[in-house]
Amino acid sequence: MNASTLPILAIPDDRSLFPVLSLAWRTDPQHEREARELLAKGLAQSDRWGHPWHQITGDSGSMILTVAAEQPRLERWLHAVADESSRVKSGSVSKPMIAMVGKLAGAENLLATATDLCGAKISQPMALPSKMQQNSVEGYQRTLITGEDPIHHAGAAASFLALCLLTGGSWALLPKLVENLGNAATAQISRNLIQRGPAITWQGICQGTGGMQVFEYLVQALPSQLKSIGEDQVQELKHFGLANLSRAWRSPTELAHTASQYQIMGWGPSLITDAHSELGRVTRDDLEHAMDCLLRPVLEVLGRS
1 MNASTLPILA
11 IPDDRSLFPV
21 LSLAWRTDPQ
31 HEREARELLA
41 KGLAQSDRWG
51 HPWHQITGDS
61 GSMILTVAAE
71 QPRLERWLHA
81 VADESSRVKS
91 GSVSKPMIAM
101 VGKLAGAENL
111 LATATDLCGA
121 KISQPMALPS
131 KMQQNSVEGY
141 QRTLITGEDP
151 IHHAGAAASF
161 LALCLLTGGS
171 WALLPKLVEN
181 LGNAATAQIS
191 RNLIQRGPAI
201 TWQGICQGTG
211 GMQVFEYLVQ
221 ALPSQLKSIG
231 EDQVQELKHF
241 GLANLSRAWR
251 SPTELAHTAS
261 QYQIMGWGPS
271 LITDAHSELG
281 RVTRDDLEHA
291 MDCLLRPVLE
301 VLGRS
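Just so you know, we're using our numbering here: the sequence shown kicks off at 1 and counts up by one.
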């Protein structure tokens with residue numbers, strides 16, 4: 001695979017006296033504990049200079065550490081984290097992707113230190129085959145279908161809006177369509193990392209053994225529902241998406257964390273830094289293509305690709 005150094009994502013923000021760094025790693029379920037221990041050791045090493053404010057989160061194949069402190073303390077802390085990282089078994093976690101929020105004037109040394117110590121390599125994603133799993137519990141069948149995230153084929157903004165159309169706002173298509181099936185059926189879609197690459201997971205639950213019927217119905221109903229949506233509704237969808245993304249700017253720490261999350265999950269950090277322009281460029285054709293890409297794993301499992 002070809003790989004190139006991923007630059008630090010630096011976002012100017014004058015609201016905080018201190019810079020905020022957010023580091024994000026890709027890992028696997030079997031290595032999550034080791035990743036958390038790495039973060040704890042790095043923080044413990046910085047205790048001698050005063051414990052920085054920090055927040056650790058982890059979900060869906062990622063670990064994110066957000067830290068705020070004076071610039072010299074952050075530089076020393078980065079050295080401690082890099083030292084602990086060198087002790088971790090190769091392959092347990094990826095090198096971190098980094099977002100920094102704060103006053104960029106005078107931050108050259110901090111950015112250089114972050115790049116030298118933690119600069120991640122971003123590789124072309126491996127093809128992720130679509131897969132299905134089923135199990136039954138107490139008369140209900142659960143069907144999981146996993147596959148590639150559409151971002152590499154449909155783009156970050158169109159993929160985001162297609163997911164909003166499925167699950168967000170008063171027009172969310174998934175719950176409305178599945179309700180028509182009866183049989184206590186539900187359907188959800190989520191984004192995660194599988195084999196450290198961006199992925200989506202469809203989940204369908206119903207009574208009895210009709211799990212695949214849920215998806216048979218969705219692949220027929222969703223494209224036609226999308227075509228029936230007017231241009232005014234597309235604009236409303238963009239406003240909803242913009243309001244959702246704008247929440248990241250409520251504080252410097254939330255901004256750094258969210259930008260880092262969008263980096264590590266492969267969702268497109270430009271959606272955080274320039275949401276208005278990114279969403280504004282999405283056309284109806286882009287939205288329809290993104291929906292087709294979201295449905296591709298389902299179609300492949302059904303043998304209709």
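Some hints here could point you the wrong way.
As the list claims (entries may be wrong) - The calculated EDC-like cross-link candidates involving lysine to aspartate or glutamate, where the alpha carbons are at most 20 Å apart (straight line), are:
no., residue 1, residue 2
1, Lys176, Glu84
2, Lys131, Asp116
3, Lys95, Asp28
4, Lys103, Asp14
5, Lys176, Glu70
6, Lys95, Asp14
7, Lys131, Asp28
8, Lys95, Glu70
9, Lys95, Glu84
10, Lys131, Glu236
11, Lys103, Asp13
12, Lys95, Glu179
13, Lys227, Asp274
14, Lys176, Glu138
15, Lys227, Glu138
16, Lys103, Glu34
Don't read these hints as lab results, they were simulated from the structure.
Verification of the hints:
no., hint, verdict
1, Lys176 with Glu84, "violated (49 Å)"
2, Lys131 with Asp116, "violated (39 Å)"
3, Lys95 with Asp28, "holds (13 Å)"
4, Lys103 with Asp14, "holds (5 Å)"
5, Lys176 with Glu70, "violated (50 Å)"
6, Lys95 with Asp14, "violated (28 Å)"
7, Lys131 with Asp28, "holds (18 Å)"
8, Lys95 with Glu70, "violated (24 Å)"
9, Lys95 with Glu84, "holds (12 Å)"
10, Lys131 with Glu236, "violated (34 Å)"
11, Lys103 with Asp13, "holds (6 Å)"
12, Lys95 with Glu179, "violated (44 Å)"
13, Lys227 with Asp274, "violated (28 Å)"
14, Lys176 with Glu138, "violated (25 Å)"
15, Lys227 with Glu138, "violated (38 Å)"
16, Lys103 with Glu34, "violated (33 Å)"
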